[in-house]
Every structure is written in structure tokens, then in C-alpha cells.
Amino acid sequence: MTIFKTFLKVLNKNKGIVILYSAILIFFAAFSLQNNDNSMQFEKEKPSIAIRNRDQEEGFTKEFITYLKENSEVIELEDKEEAYLDALFYRNVNTIITIPEQFGENFVAQNNPEIEVKGTNSYESELTNLMIERYLKVAKIYFTISPSEENFQKIKETVEEEIKLEMTSKLNTNELKKMATYYNFANYSILAGCVYVICLILSSFKNEKIKKRTIISSVNEIKYNRILLMGNFLFAIVLWLFYCLISIVLIGNIMFTKQGIGCILNSLLFTLCAVTLSFLISNLIQNKNAINGIVNVIALGSSFLCGAFVPTELLPEMVQKVAHLLPSYYFINNNEKITSLENWNWEHLSPILLNTIILLFFSCLFVIITNYLTKKRRKQT
Amino acid sequence: MFFHNFKYTFKILFKNKSLIFWTFAFPIILGTLFYFAFSDIEKKEQFDRIQIAIIENELPNEIWNQALKELSEEGENQILQLQYTNIEQANKLLEEEKISGILILDSEQKLIVKKNGINETILKFAIEEIKQTETMLKNIIHSITYESQIQDTKNSINMTIQKILQMKTESMNNIKDVSVNNMSYTMIEYYTLIAMTCLYGGLLSMIAIQKNLANMGSVGKRSATSPTTKKTMILSSLLSSYLIQLIGIILLFLYTIFVLNVDYGNHFSFVVLLTLVGCFAGLSLGIFLASTLKSSENSKTGILLAITMFGCFLSGMMGITMKYVVDKNIPFINRINPANLITDGFYALYYYDTQTRFYHNVIGLLLISCFLIFISILFLRRQTYDNL
Amino acid sequence: MNKVIEVEHLTKEYKKQKAVNNLSFTVQEGEILGLLGPNGSGKSTTINCILSLLKFQKGKIKIFGKEMTPSAYDIKKDIGVVFQEVAVFEELTVYENIDYFCGLYIKDRKKREQFILEAIDLVGLEHYQKFYPKQLSGGLLRRLNIACGIAHKPKLIFFDEPTVAVDPQSRNNILSGIETLRKNGATIIYTTHYMEEVEILCDRVMILDKGEMIASGTIAELKKLTNIEEKVTVEIANLKEKEQKKLKEFPNVMDVTYQNGLLIISYKKGQNNLLTLMDYLKENQINYQKIYSERPTLNDVFLELTGKELRD
Chain C
0 MTIFKTFLKV
10 LNKNKGIVIL
20 YSAILIFFAA
30 FSLQNNDNSM
40 QFEKEKPSIA
50 IRNRDQEEGF
60 TKEFITYLKE
70 NSEVIELEDK
80 EEAYLDALFY
90 RNVNTIITIP
100 EQFGENFVAQ
110 NNPEIEVKGT
120 NSYESELTNL
130 MIERYLKVAK
140 IYFTISPSEE
150 NFQKIKETVE
160 EEIKLEMTSK
170 LNTNELKKMA
180 TYYNFANYSI
190 LAGCVYVICL
200 ILSSFKNEKI
210 KKRTIISSVN
220 EIKYNRILLM
230 GNFLFAIVLW
240 LFYCLISIVL
250 IGNIMFTKQG
260 IGCILNSLLF
270 TLCAVTLSFL
280 ISNLIQNKNA
290 INGIVNVIAL
300 GSSFLCGAFV
310 PTELLPEMVQ
320 KVAHLLPSYY
330 FINNNEKITS
340 LENWNWEHLS
350 PILLNTIILL
360 FFSCLFVIIT
370 NYLTKKRRKQ
380 T
Chain P
0 MFFHNFKYTF
10 KILFKNKSLI
20 FWTFAFPIIL
30 GTLFYFAFSD
40 IEKKEQFDRI
50 QIAIIENELP
60 NEIWNQALKE
70 LSEEGENQIL
80 QLQYTNIEQA
90 NKLLEEEKIS
100 GILILDSEQK
110 LIVKKNGINE
120 TILKFAIEEI
130 KQTETMLKNI
140 IHSITYESQI
150 QDTKNSINMT
160 IQKILQMKTE
170 SMNNIKDVSV
180 NNMSYTMIEY
190 YTLIAMTCLY
200 GGLLSMIAIQ
210 KNLANMGSVG
220 KRSATSPTTK
230 KTMILSSLLS
240 SYLIQLIGII
250 LLFLYTIFVL
260 NVDYGNHFSF
270 VVLLTLVGCF
280 AGLSLGIFLA
290 STLKSSENSK
300 TGILLAITMF
310 GCFLSGMMGI
320 TMKYVVDKNI
330 PFINRINPAN
340 LITDGFYALY
350 YYDTQTRFYH
360 NVIGLLLISC
370 FLIFISILFL
380 RRQTYDNL
Chain R
0 MNKVIEVEHL
10 TKEYKKQKAV
20 NNLSFTVQEG
30 EILGLLGPNG
40 SGKSTTINCI
50 LSLLKFQKGK
60 IKIFGKEMTP
70 SAYDIKKDIG
80 VVFQEVAVFE
90 ELTVYENIDY
100 FCGLYIKDRK
110 KREQFILEAI
120 DLVGLEHYQK
130 FYPKQLSGGL
140 LRRLNIACGI
150 AHKPKLIFFD
160 EPTVAVDPQS
170 RNNILSGIET
180 LRKNGATIIY
190 TTHYMEEVEI
200 LCDRVMILDK
210 GEMIASGTIA
220 ELKKLTNIEE
230 KVTVEIANLK
240 EKEQKKLKEF
250 PNVMDVTYQN
260 GLLIISYKKG
270 QNNLLTLMDY
280 LKENQINYQK
290 IYSERPTLND
300 VFLELTGKEL
310 RD
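Chains as they are written, first to last, in numbering that gives the first Met the number 0: chain C, 0 to 380; chain P, 0 to 387; chain R, 0 to 311.
If you are wondering where the hints come from, they were derived from the structure by calculation, not from laboratory data. Nothing false has been slipped in among the hints.
Result set (PhoX-like, lysine-lysine): computed pairs, CA atoms no more than 20 Å apart in a straight line:
no. : chain 1 : residue 1 : chain 2 : residue 2
1   : C       : K287      : R       : K133
2   : R       : K109      : P       : K6
3   : R       : K106      : P       : K6
4   : C       : K169      : P       : K123
5   : P       : K10       : R       : K129
6   : R       : K54       : R       : K15
Residues from chain R that keep clear of chain P, each with C-beta distances beyond 12 Å, as calculated:
no. : residue
7   : E28
8   : E220
9   : E240
Distance ranges between label pairs, derived from CB positions:
no. : chain 1 : residue 1 : chain 2 : residue 2 : range
10  : C       : K4        : P       : D262      : 54 to 64 Å
11  : C       : P146      : P       : S268      : 50 to 60 Å
12  : P       : S106      : C       : Q55       : 39 to 49 Å
13  : R       : E248      : C       : K4        : 51 to 61 Å
14  : P       : L366      : C       : Y89       : 18 to 28 Å
15  : C       : M317      : P       : F2        : 42 to 52 Å
16  : C       : K4        : R       : D120      : 47 to 57 Å
17  : P       : Q165      : C       : Q101      : 25 to 35 Å
18  : C       : D78       : P       : F2        : 54 to 64 Å
19  : R       : K109      : P       : L250      : 35 to 45 Å
20  : C       : F360      : P       : E107      : 50 to 60 Å
21  : C       : E148      : P       : Q165      : 17 to 27 Å
Backbone N, C-alpha and C define an ideal beta-carbon position, used for all residues, glycine too.
Pulled out of the complex, with its shape left as it was, chain C reads as follows (with noise of 0.2 Å):
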């Protein structure tokens, strides 16, 4: 009880630093929340443009100024070279499309004008190109097959054309990503979180004179380890209560569906594995100046190659090798497997109960791992 208590008095002495870092991680999430891209998704707005016509508002050119205004959302900017690239700039517009003088008349001639594009490089502009090219090449078609007015009309037909779709899914996507994402950046938030916290509160007791009284007093190291494991995880509980309460307050209801409790669990259990493997890291370090280095290493570090910031599919499939050797990966790996989780039948189960079992075996690894370096050490001195 006194080496609890004392845990919880040093805590309490640091209470400011703690605080902060805590804040700032959890807003840190909160706000990557915010500005979470949903661009990568059919039922997503129409992509913003800007059109800057030099030629008549007649003829070929009208037509394909109309299909632009039905398939995206077209901004009205100043005609000003500076007005557009910063409209480009913050992103206002994703796409600035100009059409030079005479383009109708020499689209229809098949003279092969040139509209000009430029874009931000983002899906959304992407996007719109497909969209001018899928038009102006089913023009092109017609025109070459014959060239008369009635295209127009066939033009439209045809652009107008759709698929019929069907999504299986009942699932709320939109709602969903938003919150595999927010849990997904937990990996950064509470293992920065856990790992700062932990090393700085334990080198405290990990103080020469300190480590030498503990060693030589009666207490059995593993039950040390044990208690001492016990208040960071007490913090760490706080931490992730806090990072679960934000989440409801963003995210809403949908924390309370079965896939919100399951990334809330999951969450959990990755802060069991963040404990511990603060834990050994305090135990490896021996230098306080140390501890900011190794907190951004770690995390930073984990989250860029396990997939936090950017969705995994995107990473290097070598990087995703590596990952798997990182408790991070499997934590992300569930949280993805979690929010598109539908049927709750034991093939879609099983694959995050394999996840869930490797962290915990990555937990029980990083205690034994500390047991084992306290007691050689303990030899040692």
C-alpha cells in the first residue's frame, strides 16, 4: 500500500505536466477528428470547381459548362489570376478548369482545342478530371462520327447514364470511419500518453538512492513491479476514460452500437498493452532527458508504419511487414475489422479475437520481459 500510495503522491506532484500532455494529445485527436477526409466516397458532395470561360456561353461550350454545373459544384470567383490560385490554394475549389477562346467551335470542328486544368493533386480533382475527360471524350466520339447539333442532345443522354447500385452494407460508413479513425489515432494519444507519463513518474522511483532502499527492503520485486504496474494502469484507465468520453461527445450515438463498444473494449485493451510497454521502457531508460526523445520515437514511430494517420492499405507492403511485429498494428487492424463488422458470426469473429489474443500476449511479453531485466539487474547491484 505505501509504494501505491507513494505512486499516487509523485503523480499528484506532477499533476500539471501530466495534465497538459494529456490534454493536448486527447485535442489532438479530437481535432484530426475534425478535419477527417471523407472525400473517398461516392455519397459525398459534388467536387468544387472554378470556371473561367474566355469563350461565348453558346453553342458546345454551354453544353459542357451545364454538364459541369450538374456534376459539380461550380464557385463564382473573381476573374483574377490571384483570386484562383488562392481559392486553389485553400482548397475553396479543388479544380480550376479554363476554356480558351473559341473552344466550342473548335471542339465541334474537331480542331482539338485545349481546355486547361489545374488541380490540387487531391482525390477530389482527380476526380473532376475524370469527369471532363469522360465528357469531352464522349463528344469527341460524336463529333467524329457526325458532326451536327442533334449530338447535343445524345451527348447528355449518354454522361447522363448510370449504374444501378446496390450496397449490401446496413452499416452508417461515414459515421463508422470517423470513428475508426479517432480510435486509430489512439494508438499515438495514449501510448505518447502512457509511455510519457509512466517514464516520468517512474524514474522518480527508479532514483539511485531510491532503487538502492527498495532493493534492499523486504519487498519481493515481482510484487513491486506488480503494484507499481498497478497505479500506472490506474492512470492509464483515467486517460483512456477521458479519451472514450470525447469520443461520445464527437463521434454520438453511434459509440453505443456494437461497434462502438467493441473499439471502446479494444481501445481498453490496447492501453493494457501501452501500460506495460511503458513500463518496460521505464525500465530500460535510464536518463529523464531521455524520455520526450523516446515518447515521439515510439509513437510517432508506430503510427506512421502501423497505419494511425494513414489507412494501411496505403502503407508499402514491406512497412506492413514490419508492422506486424509492432502490438500497434493489431490494435488497428481491429479497430478496421471492427467498425465493418456486420455479421456477427464466428468467421468475421475470429480474426479479431486472433487480434485481441496477440495483444494480450504482447502485454504479458512486456511484463515478463521487465520481471526478468528487475531481477538480473537486482543480482547485478
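Starting from the known structure of chain C, fit chains P and R onto it as the hints suggest.
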């Protein structure tokens, strides 16, 4: 005395392991992480083939089959990976997410997908394209048969179909893309990385200055009682720390250019200018913290790291949208955020043909630096203190 | 003899608390002045004020006959300071540390080199020149701290508790080093709360308490201040209360204490104190192991003047 202090400050800073970690090693580590995390993003989008199951219920449709065949032909342009199967099997595959969608070729075509995603969107687009081609062909054939009652309609139709399909696959030359190609997602990360390194350099000036201040520690007291003037001490220390900062940033540039193959584009002299000014901003931030805050070296380090990280976060290190959100909604924050001014300057170089915006950023950085240094001087001018 | 330091009516307040109150004193050329006082008595504050590191509310300070200001660089070049805390760079070796600080005073490289070697020799760090501070023991570190402060051969040296937490060997080395410095003509101000050091080293002593000077003079002069003439210590296993009371009534006795088997009796001036006591003990068949008589120490002076021990 100037050179003496300069030389020793250099030595002291260089031997401080945690300083060197933050200003030299950490940016390189982070850069390597960026490289691993982002290097494939652009390539990935091209190479991933979308798995799709096809179910044919009716007589084979010539146009569809040919179009699908083209999209799934092996090679650079392959988009789809086809799999002809029955509905049960397809449903199972979709359920397990082994495929992204099911295409049912009936009298009317239908696409079944599981969820909303990148692959699904591309799939929808590709399939729609086929459908539109079909409509187009029907229209054209109709008009040919309607207009010309020539004998060899069939021949003509076949030729037209060939021509159309060929045009369809040919790339368009009516669109001129003048987007800035250098601006990839990864580049943005490297910009924030440079911004971060510049500001982390503040650690160097912070420590360098600290040792000359009597109210910041015992070494400072010793310096203060020496006959060397405070101005000489501080200026030589700063020069020394700035030099180390530059060495760090040069290493980062060399590493990113030659090891990570980052291309900083055609405006390299501007990049250098901005980096120099950025380092100066970092320097002034360090001076500011060293002279105004009275706390341990450790907590000052923590504060500087936190400020920098936060600034980088707001300027898009953990997701570029963050920058746009702040720029749009609270532009003031980013106008005084040195990390953003640095990254913004880099963007400006690539987005704008003129350098107006770039210079705005450079001037902004200089103003902030001067402001910080001005405040610091008020504190540094004191020679005697109320407290030690 | 010249006055090296003149302090007149120095008053320094922290917020409302007076750390130094109306302090005036002078230091003569070539002497070692001991500044004595318990922790928080204002010793370090006084030194920091003299060095122009601290602002003070009232008073005048002259060094070498000139007024001391923060920019009095011609004065500063002849001053050496050894602070209480070890003020060296972790990143530099022993030699480099001394070179750095010495270099702030002396430009000429050859001269500096010679000075550094002399300083290293003085504090006995010959074998540690290439060592980093981390590799040095507490005592050696203190010696380095001193070397950094005195390598430029200052005419006036401040030592602020240079021997705190130092092993006896290093302490002796430090004390003899200071002795040598004085022989070479330096004026020294030495603060400490170890009075043995003061008794060995100092020509003159000032005792501070709560920022005020409560006594000053040579050691002999200070000892005269106390009424105690003799202190007798007797080792007795068991002494009853009654006996203690009786002892208090003996002639010349000022005070009797009995703690942990040690009976200490303080006497005013008088004769045959020891004999009377021994007779009494014999008569009453009180067994004792050892008995000895001492002259009063500075500590006794201090105790009497302030009512507390010099050493906390």
C-alpha cells in the same frame, strides 16, 4: 573573447546528446518514417487492381465483354481483376471482402458493392464508363442505319464500332493538366519536417544563451562575473548555435535528397532562403524562452518541443486538411504560427507563379522573430536581478 | 594596507523579507575574511550583491577603491568566484572547463595555458585533465569548481561554501590550496558554516544571522565575547537529576547539560574548576570514564550570541 566563447559554445552544444538528438537525429528519423509511410501512396493508387465478380444471366453481351476484357488486360493499365461466377459464390466473396463488387449483366446491369470506399468508387466509375460506351454505340449505330440506307451497313457499323472503341481507349489530348505535380502528399510532410527542424533548432540557442544568464543557473553567474561583456557572450553563443542549426538542417537536406530521393523542385534557392529565415525564427524562439521563463532547462525543453509539435500539427504534419481548416476558420492562428509560415512559404513556391505570397511568409517570419528578440532583449538587458 | 572591499549600509530585501540588513564592513588586502552564519543568514546574498549580480535597495559597494557596477569590467577581471553550486559544463573535460572560464579573463593563449596548469596543480587534478565532470567524485568536482574560479589569478577571491559535502582528503586539499592563494597575495572572502575551517584559515571573522552582522573580529577577539572560559566534559554512564541540580550550584558554573552519557559543564572565569568537580565526583562515588577540559570554540560563541548551533 568572442571567438573563445564561440568555439566553446560550439563544443558544448555539440556534445549535448539530447540536443543533438532533437536537432539532428529526430528529424532524420521522422523523415524516414514519412518515407516509409507515404512513399507508396501515389503508386499504390495506380497499381491496385480491383477484384470483381461477374455474373452473366443472359446471352453474352459483346460490348460489355469486350470492354471488361480491355479493363482487365494485364499490363500497366489493368484496373480490374475479373472472376466469372454464380451469385451464391459471388455473395460469399463479397461478404468476405475478397472482392469489391459484383457486376450482374442482365438485361439491365447492376453493380453490388458492400460499402463505400475508394475501390468501390473507382469501380462504379469504370462500369459506368462501359455503360455509357454502350449507349453511345447504340445511338451511333441507330443514326447510321437510320440516315444512310446503304447496302453494306453492316460493314460500316463494324468499322464504326472499331473506331469508337479505339477512340475510347486512346488518351485524350484535349485536356492540358497544368497542376503542380511536385506537390505530393509526401512533400507536404517533408515541408512540415523542415519547419519542425528549424524550430527545434531553438533548443540550441536556448541552451547556448542560458549559460550566460546569471539568473538561470550557476554557470551563468560565473559568466556574469567575468570581465567579458554580456553582449559579446550572447552574440558569440548565438552565432555558434545558429551554425549548428544550419549544420543540422544541411544534414537533413542531404539525407532527404540523396537517401530518400525527395525532390525540392526548381526553386531551391528560395527553399534555402526560407530555411535560413525559418532557422532564425527557431533561434529567436529559443532566445525568448531562455530569457523570459525561469524554470529548469528540462521543462523549457519540454515547452519548446510542445510548442513546435503543436505548431506543426496545425500546419498539417498529421494530416494536411488540418492546415486548411485552420487557414479557413482561424487564419490568425496560422499567421503567427511560425511552423505554418514556413510550410506555407514552401507551398507558395509551388502553387504560385509569383513570389508575393512566399515573401509575405518570409517577412512574417522575420517580424515574429524580431518581436520575440525585442521582448527577449528587454529581459537580457538586465545585468542585476531581484532574485537569483 | 589597502581596503579591497568597502561595503556600506548594504540592505537587500526579497519581497518584504530583509535578507541583508544595513551591513557595513571592509576587507583588507591580503587577508582571509570568514563569513559565518547558518543557512539562510544572508552570506550568499551578500556576496551576490557585492558581485553586482543582485539588486539591492540601499548601500554602497566599492572594490579596489572603485564603485562596483555590473559593467565594471576592469574590476571584474581581478575577481574570482567559487560558487556554492558546482558550476561547470558536463560536456567539457576538466581541462576544457578551466580553459573556458579562464579564457573569459585572459586572451593570451600561452599565458592561459600556463595559468591552467598551475590551477590544476593547485587543486591536485593532474591526473584528471581529460576526465568529464560526470566521471569525477564529489570531492574532485568541487576542486574543479575551484580551479575554474581561480585559474586567472584574481586578486580578490570569493569562496562560497566550497567544502560542502566533501571528503576529508579533498577538504584538506582545498584548504591548503586556499592557503597557497593567500600566500601568493590574494584577498579572500570565505563563507562556510564549518567553524573548524574558519579557525584554521581565517584572519578575521564576521558572523551573520538573519542578514545582520552580530559579531566581527579576529578569532581571539570573538572568543573574548563569550562569558564562557572553560568547558568540562565528563563521560558518565548514569547521572541522576538530583546530581545535575547540585552541579548547577557550584561556583562559576553557567550551564549544565547531560545528554547521551555526556555531562557538559560551562564555566565562567574562575580557578580550580576541574579539581572541584573531580573532588565532588569522587566524594559522591560517581564513576566516570573520561574527563577533559576545553577552551570555548567559535561554536560556543555563536551559540551564545544567537541561541542556535552554527552547523544546522
